[in-house]
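Q: Chain by chain, the residues run as shown.
2 protein chains.
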Amino acid sequence: MNGKQLRTLAGAFALAFNATIARADEGMWLYNQLPTKILHDRHGFDLTDAWREHLQESSVKFGTGGSAEFVSEEGLILSNHHVGSRALQRVSTAEHNYLRDGFLARTRAEEIPCPGIETRVLVGMEDVTDRVNAGVKSGSSDAESSRARRAAIAAIEKESLAQTGLRSEVVTLYQGAQYHLYRYRRYTDIRLVFAPEEQIAFYGGDPDNFEYPRFDLDICVFRAYENGKPARVKHWLKWNPAGPKDGELVFVSGHPGRTDRLRTVAELEFLRDVEYPGTLARLKRSEVLLTSFSARSGENARRARNDLFGVRNSRKVRDGALAGLQDPQLMAAKRAAEEELRTAVAARADLADVGEAWDRMARAQKEIAGLNRDYEMLERAYGFNSVLYTYATQLLRASRSRTEPEGERLEEYRESARASLELQILSENPVYADLETIKLGDSLGWLVETYGADDALVKGVLAGKSPRERAAELVQGTRLATASARKQIYQGGAAALDAAADPMIELARLVDPPARKARHEIDARREAIRQAHAKIGRARYALYGASEAPDATGTLRLSFGTVSGYQEDGHAVPAQTTFAGLYERAASQDQRPPFDLPPRWIERKRKVDLKVPFNFVSTADIIGGNSGSPTVNRQGEFVGIIFDGNLQSLTGDFLYTDNQCRALSVSSAGILEALRHVYQARNLVEELTKR
Amino acid sequence: MNGKQLRTLAGAFALAFNATIARADEGMWLYNQLPTKILHDRHGFDLTDAWREHLQESSVKFGTGGSAEFVSEEGLILSNHHVGSRALQRVSTAEHNYLRDGFLARTRAEEIPCPGIETRVLVGMEDVTDRVNAGVKSGSSDAESSRARRAAIAAIEKESLAQTGLRSEVVTLYQGAQYHLYRYRRYTDIRLVFAPEEQIAFYGGDPDNFEYPRFDLDICVFRAYENGKPARVKHWLKWNPAGPKDGELVFVSGHPGRTDRLRTVAELEFLRDVEYPGTLARLKRSEVLLTSFSARSGENARRARNDLFGVRNSRKVRDGALAGLQDPQLMAAKRAAEEELRTAVAARADLADVGEAWDRMARAQKEIAGLNRDYEMLERAYGFNSVLYTYATQLLRASRSRTEPEGERLEEYRESARASLELQILSENPVYADLETIKLGDSLGWLVETYGADDALVKGVLAGKSPRERAAELVQGTRLATASARKQIYQGGAAALDAAADPMIELARLVDPPARKARHEIDARREAIRQAHAKIGRARYALYGASEAPDATGTLRLSFGTVSGYQEDGHAVPAQTTFAGLYERAASQDQRPPFDLPPRWIERKRKVDLKVPFNFVSTADIIGGNSGSPTVNRQGEFVGIIFDGNLQSLTGDFLYTDNQCRALSVSSAGILEALRHVYQARNLVEELTKR
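If you read the protein sequences in the order shown, they are chains A and B. Heads up: take any position in the first sequence, counting from 1, add 176, and you land on this note's numbering. Heads up: take any position in the second sequence, counting from 1, add 176, and you land on this note's numbering.
Worth flagging that the hints you see were computed from the coordinates, not collected in a lab. Don't take each hint at face value.
[As the list claims (entries may be wrong)] Which stretches of chain B does chain A cover? Using the computed rule of at least three CB atoms under 8 angstroms from a CB of chain A, they are:
# : segment
1 : 402 to 410
2 : 764 to 778
[What the hints assert, rightly or not] Below, in silico cross-link-like pairs of lysine-lysine (DSS-like), each with a Cα-Cα straight-line distance of 30 angstroms or less:
# : chain 1 : residue 1 : chain 2 : residue 2
3 : B       : K492      : A       : K510
4 : B       : K492      : A       : K492
5 : A       : K410      : A       : K213
6 : A       : K542      : B       : K492
[Unchecked claim] Partner residues aside, some chain B positions facing chain A, computed with beta carbon under 8 angstroms:
#  : residue
7  : V267
8  : A457
9  : E463
10 : P504
11 : Q505
12 : G628
13 : G640
14 : S642
15 : A648
Just so you know, these numbers come straight off a predicted model, no measurement behind them. The C-beta atom is built at its ideal place from N, Cα and C for all residues, glycine as well.
Could you put the whole structure together from the sequences, leaning on the hints where they help?
A: Put into structure tokens, the structure is as follows:
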């Protein structure tokens with residue numbers, strides 16, 4: 177939301193709105209288009225070039241989806257435990273489970289190399305919009321324009337790499353209104369220095385996920401090496417040992433993955449009225465099924481653990497997002513902003529062709545709502561919830577796609593996706609017949625509920641059996657549970673497929689035509705929506721330019737906000753938690769998992785200063801991908817590390833307010849206290865606090 | 177299903193049907209209309225009058241909703257722990273929690289009086305149909321006929337009491353085609369003799385509820401006293417120390433509460449397509465909400481425990497029932513049976529007016545489907561899930577009903593229901609603001625999903641807030657959490673209601689008109705269905721007479737079946753479990769609750785013969801209310817006590833098959849082994865095994 181809109185809204189909705197909405201510190205800003213004026217006017221902060229450069233080059237992109245930061249001259253990199261967890265798992269052995277039990281290198285020699293992790297630092301940005309668009313001829317089709325842009329981008333990237341030796345990427349911003357060339361310095365020799373126990377890194381487990389107050393030491397320390405030696409870095413964040421104060425202005429520098437803040441009202445209404453309620457009903461149904469299965473035995477719980485964690489996590493995310501969409505004030509604000517934008521667009525002769533984009537989108541969205549049932553039940557296979565059915569469909573479609581021209585194939589069956597497809601089909605992941613039977617049986621029951629028992633497809637699917645009996649028959653009858661059987665059919669093609677006479681494949685064959693039809697119909701509408709979005713996005717940029725931040729794209733951004741608590745259900749939630757709170761929570765839960773403490777946290781309690789802050793919240797605008805981002809103060813000092821958002825922040829994909837949405841950080845003070853007194857990591861503390 | 181139908185079905189569906197369906201031992205038979213021929217023809221059992229009398233008078237109705245049996249000459253009564261739990265709770269003290277920890281009276285003097293429990297034994301039955309109908313004049317309205325019958329029934333009951341001194345009740349059977357006078361001997365001085373720990377009585381807790389195999393010692397022993405001395409009873413069941421064998425014929429004698437086996441296809445389709453899917457979505461939504469709330473702290477778990485147990489139990493019941501309704505074979509059988517009955521009715525001139533009853537019912541059922549949303553969301557208040565809202569509605573309606581003539585009031589606000597209403601309104605049950613807020617918030621969210629955010633009522637309800645914010649505001653703003661505040665408003669009537677200016681009452685006031693409208697509209701259709709049912713029921717009796725058992729009515733019935741395992745998901749489930757199985761289950765679950773064993777079960781394991789049977793299943797036809805019923809063998813000996821049905825039996829309300837539906841009993845052998853070696857209840861064992 178830009179200043180002009182805000183003023184209008186403030187006028188129109190002065191009575192209805194909480195004043196805080198209008199002052200929202202929204203925005204994941206580009207480092208080359210920073211909101212210096214807003215920071216000056218609203219927070220009295222004057223952002224200098226040196227400050228920017230220092231924070232930018234201290235910020236690290238960790239792997240494909242996380243953030244991190246340099247915190248010492250000798251290349252120490254701090255990130256989250258959950259960002260480093262894949263690396264921790266990989267370096268663990270039969271003897272040492274570093275993911276679960278933690279790790280501390282007492283000397284440099286003990287630091288463990290983590291192959292396969294790439295980290296990068298953004299060192300240069302350049303607006304190349306004109307060059308990217310130069311090859312686009314007026315009057316050319318969408319496909320031709322797209323081809324011309326792709327060619328220009330490839331040339332720019334190649335040239336930059338040759339000139340600088342730096343990894344170079346052209347980033348699409350503002351829905352294609354802007355193209356910027358980003359250059360990165362890379363570090364590929366990354367070694368593990370410290371990790372706490374998973375138990376304290378993810379303290380409170382699933383029940384506390386996305387909640388606040390929290391008590392998580394969600395950190396992991398690595399070191400970048402160059403030529404076999406610790407990398408000497410010019411920019412790294414100085415450690416503030418006290419952590420931030422309540423009300424203090426803070427900045428978050430990281431790599432938010434994706435937002436869709438420009439979603440239209442029609443899209444949000446679809447999410448609110450159709451997609452989220454449907455998805456939540458499905459997730460809650462699954463959660464009850466899996467929880468109930470898990471409760472019957474420890475082995476059941478082990479088998480369903482991954483499914484259940486995924487379902488609970490998704491459910492919380494959707495529940496939080498839907499709660500935001502159901503807030504009449506937020507939707508009214510969205511509606512007013514859209515109205516204002518349409519009015520502004522209508523007033524500009526050069527944007528005359530943009531107006532219809534909203535109507536086109538609303539039409540397509542309405543059609544999608546009508547197609548959604550078939551698409552979800554059949555094509556996304558919510559009515560056939562078993563990995564065995566997924567395998568059957570993949571084998572069937574892979575075989576058929578071989579006879580189709582590349583361009584007509586479904587995306588995931590094109591040559592370019594073959595490696596990924598084969599990885600899935602030939603996966604050695606165990607398949608548990610009991611778990612597959614209850615999942616498939618339950619989803620077949622849902623199919624009956626959705627289409628009615630007299631529907632022809634339903635009758636064909638059930639073949640005269642009850643959903644549960646049919647599921648048991650299919651799971652027991654199929655040979656697709658073993659990778660070798662799948663491999664044989666995959667390699668044998670259509671003939672092997674027919675010869676298999678596998679009941680699950682026959683089921684997939686029955687469902688494939690209507691599933692494919694639903695897919696094609698919904699894909700066409702989505703393409704229409706994409707095009708309408710590009711049009712609106714470009715119009716928006718023509719009107720407002722860089723006065724508003726572009727949607728997140730996984731690239732480096734700067735957010736800002738204040739450390740502040742909030743009101744929830746009429747109670748005040750304080751901004752910061754302390755070690756005392758952690759120990760109280762563990763005690764009040766009788767140390768039962770996931771609220772139990774690692775032994776050394778119990779043993780060393782008396783060494784710890786219980787008043788020291790542990791976690792805190794701020795109004796900074798973050799999203800998935802920001803995990804591991806540094807939170808810094810006006811001086812650019814490290815005061816915390818982002819590790820989560822609260823439940824109310826789960827609307828962040830498409831809506832931001834600073835009313836209740838909060839970004840969660842582990843406090844720099846808390847990290848230091850734990851490293852000193854719980855882990856006695858003397859060398860590490862010394863390096864982190866060196867100034 | 178009667179023999180004639182069965183033969184026809186066997187012809188028409190020979191290919192589609194599992195042969196076992198056609199041999200189903202269906203029926204909760206009247207003791208004065210026992211299926212002697214079926215038992216002779218199918219099981220080679222000749223039921224004698226003496227056998228009947230002995231079992232009938234050994235059978236006990238326990239309290240208002242349970243079953244039990246005499247098991248010694250000196251008045252020992254055996255029932256389930258869960259049937260006796262209310263009594264156990266009442267006699268528990270601050271020092272002794274008998275419900276949780278169990279109890280054993282070592283001497284008669286230690287037996288604990290349990291005031292307020294009534295037990296009865298059915299000692300006489302008489303067909304009084306003609307006398308009940310004698311006063312009904314031909315051509316009189318439904319209301320007039322009903323009045324005449326009620327007057328006749330009252331006279332018959334009064335006369336019988338005067339003549340015999342026995343409690344006398346006229347029971348309506350076959351939807352009003354038959355009226356029987358029942359006479360009971362009563363025992364009101366009931367004392368507690370033995371109860372095991374709740375942990376073993378309900379071993380496996382919620383996860384194992386309705387499941388099989390099971391390992392529950394769900395028993396409780398009382399003694400009837402007369403004139404301060406143990407009652408000497410003529411009829412009591414001899415204890416069979418070995419329990420039943422696989423395949424053995426067994427009988428269950430008890431008080432099944434209610435079945436609706438005569439539900440029409442239109443009604444079952446409504447349940448399958450509308451009511452159960454909707455109810456299950458609501459229950460699963462609640463279950464996730466409450467589970468997630470409970471996981472956050474021990475105190476949360478304590479607050480939500482009752483709600484959560486109720487929700488899980490209801491969810492399992494509905495899930496099981498829906499699974500049955502989704503079985504195409506069962507529905508086809510129901511459809512065929514209905515078709516046959518309609519054909520038979522059409523062929524009889526004297527039943528010419530009955531045919532339209534099915535159409536009337538189907539029409540009414542369709543209308544109910546259309547009205548169901550408003551009825552459930554508004555009148556049943558699923559959109560306002562908080563006891564505080566319930567209180568608000570009750571206060572509002574109670575006040576209004578005072579100005580209405582008795583006949584126009586909603587049923588629960590009539591003079592006859594006043595005591596019960598006041599008990600609810602003035603309840604001292606604690607109200608937890610946090611729990612009420614999340615429940616109300618979630619259900620308001622569901623209201624938005626159901627009606628859409630732009631609905632006028634929804635907008636009025638939310639008052640511009642998000643569902644969660646509105647819920648918090650309502651819960652914090654209302655004074656209805658305390659009984660004293662409710663009492664004041666209740667007694668103060670309309671004036672106090674207005675003066676209270678309570679936001680929850682104002683919300684109830686807003687919702688009341690559409691809620692009441694939905695109620696009236698659905699009540700009218702239900703009355704039409706009731707009348708159509710009575711018509712069909714009487715026609716059915718005219719055609720088939722007592723060759724089929726009437727629906728359960730909470731009165732004494734005899735069921736029969738065989739001890740037999742079943743197939744589930746292609747695996748064989750054996751008929752009986754053993755002590756070895758119990759100890760294995762506890763060990764494989766690492767003794768974690770609810771699979772942990774009471775200390776004495778662990779200590780005395782080596783004393784126990786692990787091969788002894790513990791629980792078993794039979795095909796006997798049971799339903800809620802049968803809990804505590806004796807299972808007896810051909811000799812009329814006690815071989816087990818009913819305590820549950822399996823998941824597949826949950827269709828029992830409207831469908832019975834012996835394919836997978838099973839009744840669960842604790843084996844007489846298992847009870848004896850536990851009493852002897854775990855509880856060392858020497859005197860009790862001696863009394864039970866005396867012959």
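Q: Tell me the numbers of any earlier hints that the structure contravenes, in ascending order.
A: Result: hints 1, 3, 6, 7 break, sorted rising.
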